[in-house]
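Protein sequences, first through last, are from chains W and H.
Anchor point for the first sequence: position 284 equals 302 in this note's numbering, and the numbering is continuous, going up by one each time.
Anchor point for the second sequence: position 8 equals 26 in this note's numbering, and the numbering is continuous, going up by one each time.
No wet-lab data here; the hints were simulated from the structure.
The beta carbon of each residue, even a glycine, is placed where N, CA and C say it ideally should be.
Fair warning: there could be bad hints in the mix.
Below, a sample of chain H positions facing chain W; criterion: calculated Cβ distance under 10 angstroms [claimed, not checked]:
hint, residue
1, A51
2, F53
3, A55
4, V56
5, L67
6, R94
7, R97
8, A147
9, R154
10, Y206
11, T261
12, H268
13, N269
Below, each chain spelled out in residue letters.
Number of protein chains: 2
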Amino acid sequence: MNGRTVAVVGGATTKFGVRATTWSELAQEIGAALFRAVPDLRARDVDSLFVGAAMPERLAFQSHVAPLAAEQMGIRPTRVIQRTELACASGQSAIRSAYAAIASGLSDIAVAVGVEKMNLPSMAEANTAMACVMDRAWDGPAGATAPPFFAMVAQRHMLEHRTTEEQMAAVSEKNHRFANSNPNAQFYEKTFPRDKLLRLPVVAPPLRLGDCSSMTDGAAAVVLASEDVVRQFPGPKAWIRGTGQYSDFHNLAHAGSLTEWPGLKRAASEALEMARIGVRDLDFAELHDCFSISEIVEYEALGLCAPGEGGRFVEDGRSDLGGDIVVNPRGGLLGCGHPLGATGIAQAVEVFEQFAGTVPSARQVPNPEWALVHNLSGSANVHSVMVYRRGRAA
Amino acid sequence: MNGRTVAVVGGATTKFGVRATTWSELAQEIGAALFRAVPDLRARDVDSLFVGAAMPERLAFQSHVAPLAAEQMGIRPTRVIQRTELACASGQSAIRSAYAAIASGLSDIAVAVGVEKMNLPSMAEANTAMACVMDRAWDGPAGATAPPFFAMVAQRHMLEHRTTEEQMAAVSEKNHRFANSNPNAQFYEKTFPRDKLLRLPVVAPPLRLGDCSSMTDGAAAVVLASEDVVRQFPGPKAWIRGTGQYSDFHNLAHAGSLTEWPGLKRAASEALEMARIGVRDLDFAELHDCFSISEIVEYEALGLCAPGEGGRFVEDGRSDLGGDIVVNPRGGLLGCGHPLGATGIAQAVEVFEQFAGTVPSARQVPNPEWALVHNLSGSANVHSVMVYRRGRAA
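Next up, chain W with everything else stripped away, as it sits in the complex (with noise of 0.2 angstroms):
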């Protein structure tokens, strides 16, 4: 590293569901809502804003998103302004890119914010839109979009680990269970045990309803400071620690195998390497569970269990609170719903609030120190991964 120090300060989410609202509506209302999280934040002192956003030319029929957004959360930068798009994980590329600009002096306080509108009119048009995150020329005609290969991924987890159906529903119960703590999830007061969810309809076999992940409405916001300028945020910081990627493949011609996933190996690596800890000293996780096969496979893609104990892993309740490590208490992407660009983000916001302590203590982590949050996008071929310590002072 040659770069500055920097620290998340603070953040906010928006309600996550089924909004009655335009994409700029929720600029807006993010913006509104990070201002009253962060009290401490003034606008002139924002100096570069950058914009997870997965495909709002699509869904929202609007480009150059970074300046629109902007507008509407009353911030002007001075410094940069972009937005990124990495499809699912969107906004942990906004994290990255808003790391990078601080550490390299561009920028000194900088607003990361995630933004998506999914729910349109017509939902066939929302889910066509889907479809071009997949490589069109080759996998389009094949039928790929994230559904059906998520469900080639649990089918052959099933074949080669016998990794059950129940375990899958493991993984979204325990989420959906934290959801119930997070008013701002979209499906918060709505219960889904084990015998219910497995009940629920087939959407790509084996995979049901509540083995996936939403479309969905939301934004979420952090603000990011340099070791400089911290102590205008006199209150808890999540400083970054280690941060890494990989891409792998995009063609799915050119994937390995469905079960193991080395980008994620290699990113975690990188950034538990930079942070100097070892997995085990992760006190919670925020992994990419926009399938429930995926939750699984990550598990062991870490290292938090032998390759294809993962099922046996959530369901002896090791990735539960009082368990080796507590995975997804924001109530992961089952539980909160998926907004692409959001996501990374509202992962985020998750880490300051557990080291904050302020999350209700239904899903609080007893005292965490170490947190790790998995992004990955399109078949699972690219992993972004940042590692975050809990600290007041650099």
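Fit chain H to the given chain W structure using the hints.
Relative to chain W, chain H alone:
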């Protein structure tokens, strides 16, 4: 500045124009061209990829374009991969992101590539897509797209400063003349004398066809390296010495004067101050001539001439070879075409090749040391500036 120094060590462009290729074929083509142009570059040494693309979701029905481009180019990023979007300035946004990643220590050798495929079977669809750059809720219903907006700038400049259609034609004539020494330009081997330009059809009064940059397919890429690894590239270099960006407004109701671009003044001042030079030290500049009137306003905002005197500045040859400063020796957006995300990167390729002395003599700036690149986006509401210096060592 806290981070490491960064140099552009090579680059390439594809042929710009109406191309019978897909988006991903353009990515493949620029990958091949880049490795031919930079023989010291090994694919395995490229740790990061930044993709500038304005709206592939609409124009190519493809999102998640960064890993697609990586695969097509034969690059497997292990550090950072992302697309950056800032409408017409998406290319320079990718370069700034690469700069920040390298300066911060996240990356050592990065590629910034811009790809845009704008000519579709239905040009009505392409033109409709372009409309999503403006604020759709407020400016869209009023019919605001780029040509009518810049036509208002031209009308106002003519009213305030007696700028003439002949002076705007002088910009277009100069840039098309330079493009005639650039085989990759869309309008290579096409001559546009002023009397011909003044007879072309009107697009939005007073702007005629020759005053407007075109819908163009094309790609461009540069390689950026940190001072720590730059010895791998023994050839000429364009060192990034300054950069600035400013975001002013989005909704047109919040725009100030149409003929003064304070965002450009601020972004350029910041970049020049960081480089510790004045505007008179520049040998040439690549300015964002999306319309002929833009270049005239830019002369004034940069302080190359007094406010209101931009028309006379070009008419008197002061922005031509042998003048005060050479503006757009590459051929500009008017002569080369404007494949949105590729433009800012093609401008950087021109800087590198001018410094290397490898461009045809008809457009070679004599012994250049300093260059400025300017990209604007939207309704000239966001301005992005880079300052480069020629050199071999850091």
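Each hint, compared with the structure:
{"no.": "1", "hint": "A51", "in the structure": "violated (20 angstroms)"}
{"no.": "2", "hint": "F53", "in the structure": "violated (18 angstroms)"}
{"no.": "3", "hint": "A55", "in the structure": "violated (23 angstroms)"}
{"no.": "4", "hint": "V56", "in the structure": "violated (21 angstroms)"}
{"no.": "5", "hint": "L67", "in the structure": "holds (7 angstroms)"}
{"no.": "6", "hint": "R94", "in the structure": "holds (6 angstroms)"}
{"no.": "7", "hint": "R97", "in the structure": "holds (6 angstroms)"}
{"no.": "8", "hint": "A147", "in the structure": "holds (7 angstroms)"}
{"no.": "9", "hint": "R154", "in the structure": "holds (5 angstroms)"}
{"no.": "10", "hint": "Y206", "in the structure": "violated (29 angstroms)"}
{"no.": "11", "hint": "T261", "in the structure": "holds (7 angstroms)"}
{"no.": "12", "hint": "H268", "in the structure": "holds (4 angstroms)"}
{"no.": "13", "hint": "N269", "in the structure": "holds (6 angstroms)"}
When held up to the earlier numbered hints, the structure conflicts with 1, 2, 3, 4, 10 and fits the remainder.
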